[in-house]
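2 protein chains.
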Amino acid sequence: MKDILYKYMSRWTSLTEEEQQVIMEQLHIEQFKKGTVLFRQGEVPTRCYFILKGCVRQYSIDEEGRETTSNFYTEEQAIAVFNHHKPERLSDYTFICIEDAVMVVGDLETEQDMYNKHPQLETMTRMMIEENLGQVQEEFAAFIASSPEERFKTLQHRRPLLIDRVPQHQLASYLGITPESLSRIKKRIHQAPR
Amino acid sequence: MKDILYKYMSRWTSLTEEEQQVIMEQLHIEQFKKGTVLFRQGEVPTRCYFILKGCVRQYSIDEEGRETTSNFYTEEQAIAVFNHHKPERLSDYTFICIEDAVMVVGDLETEQDMYNKHPQLETMTRMMIEENLGQVQEEFAAFIASSPEERFKTLQHRRPLLIDRVPQHQLASYLGITPESLSRIKKRIHQAPR
DNA sequence: CTCGTGTCTTAACTTAAGTCAATGCACGTA
DNA sequence: TACGTGCATTGACTTAAGTTAAGACACGAG
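Top line first, the protein sequences correspond to chains A and B. The first sequence maps to residues 8 to 201 in this note's numbering. The second sequence maps to residues 8 to 201 in this note's numbering.
None of these hints come from the bench; they were simulated from the model. From the three backbone atoms N, C-alpha and C, an ideal C-beta is built for every residue, glycine too. Please note: incorrect hints may appear among the correct ones.
As the list claims (entries may be wrong) - In the DSSO-like style, the derived pairs of lysine-lysine whose C-alpha atoms are separated by at most 30 Å in a straight line are:
1) B/K194 to B/K160
2) A/K60 to A/K41
3) A/K194 to A/K160
4) B/K41 to B/K14
5) B/K160 to A/K160
6) A/K93 to B/K160
7) B/K60 to B/K41
8) A/K41 to A/K9
9) B/K9 to B/K41
10) A/K124 to A/K60
11) A/K124 to B/K14
12) A/K160 to B/K93
13) A/K9 to A/K160
14) B/K9 to B/K40
15) B/K60 to A/K93
16) B/K60 to B/K9
17) A/K93 to B/K14
18) B/K93 to B/K124
19) A/K14 to B/K124
20) B/K40 to A/K60
21) A/K160 to A/K41
22) B/K41 to B/K160
23) B/K60 to B/K14
24) A/K41 to A/K14
25) B/K40 to A/K93
26) B/K193 to B/K41
27) B/K160 to B/K193
28) A/K14 to B/K93
29) A/K9 to A/K93
30) B/K124 to A/K124
31) A/K9 to B/K93
To be verified - A short list of chain A residues far from chain B (calculated; beta carbon distances all over 10 Å):
32) Y15
33) M16
34) M31
35) T43
36) T53
37) G72
38) R73
39) I105
40) R172
Sequences are here, hints too, so could you generate the full structure?
Below you can see the structure in the form of structure tokens.
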């Protein structure tokens, strides 16, 4: 399992084997059962995560009680809430494992210490976040520019496995549509392929 | 003009006056006329920007020739394209000044040098990007969960000045709707306020 | 001044997504 | 086994956004 992480670190840094070893020893890998909540909307997150295996859903419930899924995280994706700007840094979202999962767990308390000890780690983190930001901006731009049907097709193309991995009503909410519409879109696409 | 930047740096770092001075001397502030293109879709960006004054529109043109506005950047916002993951790191977007502008210009070539010389600068950059990522994720989540009309109201609330600052058809494309729909939405809202 | 261009608005019509309601199915439990 | 629950699908109807086309206005160039 750790080799996924090694591969990932090598891709982003020029750390030696030993340096990687040292860092790895301070990391903490944990198993999670399906249904486990990482942290809840309204709580202050104290940890961040990097998924080695499994799937996590991010959602929130608005004032009217409606539930919106804003993301699904899978293998090699990082989960962290950045809300330095919020007065009370409470999370707007709940994160829940919708499959059994294995993750690297980072403690936000000791984050800056780690960076001070291993400056390369801060560079790696910065680059990961930059990449992350780039991807989110790209997804956002694509989302803005497309209709619900196009959004579904894009997802089908970019994350084909996800569609069967998660409940359809959650997928619908992630696409910004109702479950009924998603059902009709799938029907339309199957009837008239191409 | 530079005081905006001082204020900003103080908010994010614990650099001394002198340290700030040193960094500032290496920064480069530039003026731009309305209509200036910072870089074009298909080009490799070599610089990044931080807006002190003015407004920049980010857009792209897809295969079918349709133009989509994916963002408007104004005072105290940073412009940078992160596409480490792309093979050819070409920008998907064009960035154009839609007002006369003043910006801090950063050279991407010397970025890592700067960080090595001033580790605090890397920390500041990381935190800025983290905050940026947090905001984009938040906006994205809100966008997914709302109808075109709600999206317009949210924008009216969060960036009221923007609505009069930019052409309506570009604003419509930024909201993911047609100019006609935007026109109708505004009419609806004015007729039945509240 | 006039013409052309770009921008915003309005109208008539089409289409797709939302809403509400019913059905069928899978699954876990009494 | 029978029942209840949650989920996906389907149908009928409503509504809002897309499409196409036309008109009004501002502005700059010739």
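Structure-based check of each hint:
For the suggested pair B/K194 and B/K160, the alpha carbons sit about 13 Å apart, so the restraint of at most 30 Å is met. A hinted pair counts as satisfied when its Cα atoms are at most 30 Å apart, and A/K60 with A/K41 qualifies at roughly 12 Å. This hinted pair checks out: A/K194 and A/K160 have alpha carbons roughly 13 Å apart, not beyond 30 Å. Taking the CA atoms of B/K41 and B/K14, the gap is about 26 Å. The hint holds against a cut of 30 Å.
For the hint linking B/K160 to A/K160, the alpha-carbon distance of about 29 Å falls within 30 Å, and the restraint holds. Proposed proximity of A/K93 and B/K160 is supported: the alpha carbons are some 22 Å apart, at most 30 Å. Pair hint B/K60 plus B/K41 holds up; C-alpha atoms about 12 Å apart against a cutoff of 30 Å. For the hint linking A/K41 to A/K9, the alpha-carbon distance of about 21 Å falls within 30 Å, and the restraint holds.
Of the pairs offered as hints, the one joining B/K9 and B/K41 holds, with about 21 Å between alpha carbons and a cut-off of 30 Å not exceeded. For the suggested pair A/K124 and A/K60, the alpha carbons sit about 28 Å apart, so the restraint of at most 30 Å is met. This hinted pair checks out: A/K124 and B/K14 have alpha carbons roughly 29 Å apart, not beyond 30 Å. At most 30 Å may separate the alpha-carbon atoms for a hinted pair to count; A/K160 and B/K93 meet this at roughly 22 Å.
For a cut-off of 30 Å, the pair hint linking A/K9 to A/K160 is broken: about 34 Å separates their Cα positions. The hinted pair formed by B/K9 and B/K40 meets the criterion: a straight-line CA distance of about 19 Å does not exceed 30 Å. As the CA atoms of B/K60 and A/K93 are separated by approximately 25 Å, the hinted pair is consistent with the 30 Å bound. Taking the CA atoms of B/K60 and B/K9, the gap is near 11 Å; set against the 30 Å cutoff, the hint holds.
Taken as a hint, the A/K93 and B/K14 pair is honoured in the structure, with Cα atoms around 18 Å apart against an allowance of 30 Å. At most 30 Å may separate the alpha-carbon atoms for a hinted pair to count; B/K93 and B/K124 meet this at roughly 28 Å. Distance hint between A/K14 and B/K124 is fulfilled; the C-alpha atoms sit about 29 Å from each other, no more than 30 Å. With a CA separation close to 50 Å, the supplied pair B/K40 and A/K60 exceeds the 30 Å bound.
The hinted pair formed by A/K160 and A/K41 meets the criterion: a straight-line CA distance of about 28 Å does not exceed 30 Å. Using a Cα cut-off of 30 Å, the hinted pair B/K41 and B/K160 holds, with the two alpha carbons roughly 28 Å apart. Restraint check: the Cα-Cα separation between B/K60 and B/K14 comes to about 15 Å, which is no more than 30 Å; the hinted pair holds. For the hint linking A/K41 to A/K14, the alpha-carbon distance of about 26 Å falls within 30 Å, and the restraint holds.
Proposed proximity of B/K40 and A/K93 is contradicted: the alpha carbons are some 35 Å apart, above 30 Å. Proximity of B/K193 to B/K41 is assessed by CA-CA distance (about 27 Å); at most 30 Å being required, the pair is judged to hold. For the hint pairing B/K160 with B/K193, the CA-to-CA distance comes to about 9 Å; that is within 30 Å, so the pair holds. In summary, the hint linking A/K14 to B/K93 is supported, as the alpha carbons are separated by about 18 Å, within the 30 Å threshold.
Restraint check for A/K9 and A/K93: the C-alpha separation of about 34 Å exceeds 30 Å, so the hint is violated. Simply put, B/K124 and A/K124 have alpha-carbon atoms about 17 Å apart, close enough for the 30 Å limit, and the pair holds. Of the supplied pair hints, the one linking A/K9 and B/K93 holds, its CA atoms being roughly 26 Å apart against a limit of 30 Å. No beta-carbon of chain B is positioned within 10 Å of the beta-carbon of A/Y15; the least distance is around 13 Å.
Every C-beta of chain B lies more than 10 Å from that of A/M16, the closest at about 15 Å, which supports listing it as non-interface. The Cβ of A/M31 sits about 21 Å from the closest Cβ of chain B, beyond the 10 Å cut-off, so the non-interface label holds. With a cut of 10 Å on Cβ distances, A/T43 stays outside the contact zone with chain B, its closest approach being about 22 Å. The beta carbon of A/T53 is kept farther than 10 Å from every beta carbon of chain B, the shortest such distance being approximately 16 Å.
A cut-off of 10 Å between C-beta atoms confirms that A/G72 is not in contact with chain B; the least separation is 13 Å. Residue placement check: A/R73 does not keep its beta carbon more than 10 Å from all beta carbons of chain B (closest about 8 Å). At roughly 18 Å, the least C-beta separation between A/I105 and chain B is larger than 10 Å, which holds for a residue marked as non-interface. Remark: the non-interface label on A/R172 is consistent with the geometry, its nearest Cβ contact in chain B lying 19 Å away (cut-off 10 Å).
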